[in-house]
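Please work from the sequences and hints to get the whole structure.
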Amino acid sequence: MLGIEIDKLQYYQQFKLMPIIDDTTQLIVIAILLGGASAALLTKSFSIKHIPGKWMLLQAVTGGFLLGYGARLALGCNIGNFFSAWSAGGIHAVTFTATLLVGVFIGLRITEGLLVERVRPHRFSFSLKPKKQLALGIIVVIISLTISLFLRATAAVWWLAGLAFGALGWIAGLCFATCYRDIVAPKYASGVMARAIGLAILTYATGIYILQLLQIPFRFGVPQIGQLQIAIGGLIFGLGIGIAGTCIFSSEWRAGGGSIYSIIVLLSTILIGMPALALNYEWWLTILPQEPKPFTLYSYGPSTGYIAPLTFSLIMIGYGIY
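Each step along the sequence shown adds one to the number in the numbering used here, with nothing skipped, and position 69 is 69.
Worth flagging that the hints you see were computed from the coordinates, not collected in a lab.
Backbone N, C-alpha and C define an ideal beta-carbon position, used for all residues, glycine too.
One should not assume that every hint holds.
What the hints assert, rightly or not - The calculated label-pair distances, taken between Cβ atoms and stated as ranges, are: (1) G113 - I287: 36 to 42 Å; (2) Q14 - L271: 16 to 22 Å; (3) T286 - L145: 43 to 49 Å; (4) A98 - A135: 46 to 52 Å; (5) S299 - Q10: 27 to 33 Å; (6) L285 - K132: 47 to 53 Å.
Shown next, in the form of structure tokens:
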């Protein structure tokens, strides 16, 4: 990469590069794409669309860059530092969510002030005939499921989960960015996504709680970095959401459904934002304190651990209703 020896960068010494077939984080991204594509094709709603004009292209690249940079700095995005973190009673969920929402608010103000009157997609779309979409959808599903047979057990579980998440995202229109916008801009909120994500957190958190009561081992995956690093990463990530108008998860399944805008956001996240953070990760480590580190409330017992996700999910559901 630009003549730089990647394996000597501090980031990649701490987080080793792995072959795609063994890297669950890469596998789940590809799987969500395929899950979104298969759902779009099977529901005969796949189409090439949302080809951005120059201002919309700027929006996609800038937002995607910030999404990737912030997610990598915080060592987690909507899934790791929000959905899973709240479900597992992680203290870092509070930190990440608080600064994330501030970032989304600022990003929305920037978008409304500078971009909203300028961004326009080209009026072009292309879709296949329904029968061809159905046939292609079946082929994508067969290939996707076949791939899981050649993966290690853990990787296969993540792969199948990604396929399911991608399909669910397309069918239900599940979008964390919409949920966050509903919170910071309640005037325009429908509350649907807040309710949906609140219910999802409650369901997952209850499953974890039951596992803890039964004393079945569960890996919480709390990032071992300072809370301030998570806070700054969350702020940058939220800024990216506010500008791009989408999150990494929804960009993945929308890209699978044929959205060129979402493909550009996703590529900017993976190929620009994330590598940029890796280049100066060592600098962040020198200026940011690595204490206090986050922990999970489950370290104080199942009932204590369940309090945070139960409370937060009920607040989300209640907010979505009223």
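Results of checking the hints against the structure:
1. G113 - I287: 36 to 42 Å: 30 Å, violated
2. Q14 - L271: 16 to 22 Å: 21 Å, holds
3. T286 - L145: 43 to 49 Å: Holds - the Cβ-Cβ distance for T286 and L145, about 46 Å, lies within 43 to 49 Å.
4. A98 - A135: 46 to 52 Å: At roughly 47 Å between Cβ atoms, A135 and A98 fall inside 46 to 52 Å, so the hint holds.
5. S299 - Q10: 27 to 33 Å: 29 Å, holds
6. L285 - K132: 47 to 53 Å: 51 Å, holds
Checked against the numbered hints listed earlier, the structure breaks hint 1 alone; every other hint is satisfied.
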